[in-house]
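Participant: Top to bottom, those sequences are chains Y and E. With the working numbering applied, the first sequence corresponds to residues -14 to 291, in that order. With the working numbering applied, the second sequence corresponds to residues -14 to 291, in that order.
Since the hints were made in silico from the structure, they are not lab data. There may be inaccurate statements among the hints.
[What the hints assert, rightly or not] Pairwise CB distance ranges, derived in the manner of DEER restraints:
id, chain 1, residue 1, chain 2, residue 2, range
1, E, G216, Y, E272, 23 to 31 Å
2, E, D191, Y, P187, 40 to 48 Å
3, E, D259, Y, S140, 21 to 29 Å
4, E, P288, Y, V122, 35 to 43 Å
5, Y, V122, E, E28, 54 to 62 Å
6, E, R262, Y, R276, 24 to 32 Å
7, Y, A74, E, E11, 31 to 39 Å
8, Y, E112, E, R276, 31 to 39 Å
9, E, S97, Y, R43, 35 to 43 Å
10, Y, R43, E, L273, 53 to 61 Å
11, Y, Q(-5), E, P46, 18 to 26 Å
12, E, E53, Y, R276, 54 to 62 Å
We put the beta carbon where it would ideally sit given N, CA and C, even for glycine.
Number of protein chains: 2
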Amino acid sequence: MHPHQTSASQVLLEEQSLRDGLQNEERLFSLAEKLEMVGLLAEAGIGRLQIGSFVDPRRVPQMRGIEELTQRVHAHWPQLVCSALVLNAQGLDRAVSCGMRHLSLSVSASDSHSRANAGCAPEEALERMTGLVRKAVDLGITVRAGVQCAFGCVSEDEVPAEAVLAAVQQLAAAGATEINLADTAGLAHPLQVRQLVRKIQPAVPDKVLSLHLHDTRGLGLANLMAGYEAGVRLFDVAAGGLGGCPFVKDAAGNVATEDVVHLFGQMGVATGIDLHRLITVVRRYEELLGRELPGKMRRVLAPTKA
Amino acid sequence: MHPHQTSASQVLLEEQSLRDGLQNEERLFSLAEKLEMVGLLAEAGIGRLQIGSFVDPRRVPQMRGIEELTQRVHAHWPQLVCSALVLNAQGLDRAVSCGMRHLSLSVSASDSHSRANAGCAPEEALERMTGLVRKAVDLGITVRAGVQCAFGCVSEDEVPAEAVLAAVQQLAAAGATEINLADTAGLAHPLQVRQLVRKIQPAVPDKVLSLHLHDTRGLGLANLMAGYEAGVRLFDVAAGGLGGCPFVKDAAGNVATEDVVHLFGQMGVATGIDLHRLITVVRRYEELLGRELPGKMRRVLAPTKA
């Protein structure tokens, strides 16, 4: 099966725990620990994962050594669709050098978020990123183009859907085969998800649309459900609900893989993932991080006393 | 406004923190503390709340003194729609004696749950409860009839929707003006909520349908959203996401009032509740209970360091 091929009774999940999940964790994972987690995730049935980002390890220490991780994962789990996040030209060069075949390239739709993260206005970041998408596609890499803050940004009143649409169309035209709309700040609500999906998908009918949702305000699964009902079949997830800022307890993680697998399982929608094996992954993350993670299904299936 | 009158742009929330929220807490709240919580909830704009249950205080010590609480709440906050849970004839007599004007009477649709909680099969419990509904209505009490485990029970494979429908019709015929479907075990999923609401509401078109949802598996708000989109305009909530078994950390609370208020606020649906004042209520509950509660919006609006 092509990794993008899904239907109403089947969805695809992209595991983000090693990238978005760990990027802000102070506790650094060794290469061996990351490989252990990839192995446990693969055993649970995860078929697609982001293993990290090609960013400056001085800025994001958790991402140090992503080259070796990439090579080891490619060698040991050739069946996995393994991708990574790239935010600039140096990152793309590094990713190409170590043989990445799938990449996520992303820009922010929010002016303040773009200036803080990419060091320039969204328009300039989009121009640069469009060039990088073209370059990656020319090198035979499958590109997913992401729009961060697609549903708003805490420092701004609103991110116009028109701006998101314009960015999506430009990135799609440059050759990205998948478009990811990210609720970076966990601000989306279900009606907004439905509206944006219905606006974006018809504008890029030949592209796969995916959603990256955070549970900051408790709406992660409600938003995911709204996306599913609007036709989205590919979702980012992170075991345990890892992610966000580790200094705010339980605050802002990704939607938890195990909770998403349970939801789809209840609705008769196949994910290909074994929930009980996934709980083993969550428990191992909790053990390594020394704290409970916010996902609910580990509590249900492997409860610990308070 | 009649407490049941709502529209697509307006919903009504029934606060359950003093009943479902506290019933399993070992830490007993004094009368003064309960009155303080009612006051804070009323200041936040809560218009309707369940203050407790008329059950044997030897079985549920938290409910000791509900008579005095009822009288004090009626005297101090006459504008509040104040109700309580009644499960048997003695409870009804006690509730009538202290002047309750709104009551929730409920039965379980699950055989094993009914036998464990009511000491008899659902059919027998339903017969008894139907008699109590009639009696309460004859006494001029507004009755909400609830069906527990309407979406399933952990000890059984399935609770048939037909059994839920039959119970609802019988309780409605006995004079209940509101029907509450309770996901007691937190087992519902959004498609199931939509299906059951669409099955039940047309069968009792003149009754108000309400939902009581737990977030055990992370689906509380997704289920609430499904109910809202299927036409439900009245939901049970509990500040902080209180509720469920306190021995399983963060496991099984009600949908958190503050998260529901935030969701509806984002969608332009009025609840009449001030989110920031509500956070004060949650913080006070956390202070009295000595732990963080699972609701998300307190973490967003009044974050504490991990």
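Participant: Confirm or reject each hint.
Facilitator: Hint check results:
1. G216/E / E272/Y: 23 to 31 Å: violated, 45 Å
2. D191/E / P187/Y: 40 to 48 Å: holds, 41 Å
3. D259/E / S140/Y: 21 to 29 Å: With a Cβ separation near 24 Å, D259/E and S140/Y satisfy 21 to 29 Å, so the hint holds.
4. P288/E / V122/Y: 35 to 43 Å: holds, 41 Å
5. V122/Y / E28/E: 54 to 62 Å: Holds - the Cβ-Cβ distance for V122/Y and E28/E, about 58 Å, lies within 54 to 62 Å.
6. R262/E / R276/Y: 24 to 32 Å: holds, 31 Å
7. A74/Y / E11/E: 31 to 39 Å: violated, 59 Å
8. E112/Y / R276/E: 31 to 39 Å: For E112/Y and R276/E the Cβ distance comes to about 50 Å; the hint is violated.
9. S97/E / R43/Y: 35 to 43 Å: Violated: the Cβ-Cβ distance is about 59 Å, outside 35 to 43 Å.
10. R43/Y / L273/E: 53 to 61 Å: Violated: the Cβ-Cβ distance is about 45 Å, outside 53 to 61 Å.
11. Q(-5)/Y / P46/E: 18 to 26 Å: violated, 50 Å
12. E53/E / R276/Y: 54 to 62 Å: Roughly 42 Å apart at Cβ, these two residues miss the hinted range, so it is violated.
Violated hints for the displayed structure, listed by number in ascending order: 1, 7, 8, 9, 10, 11 and 12.
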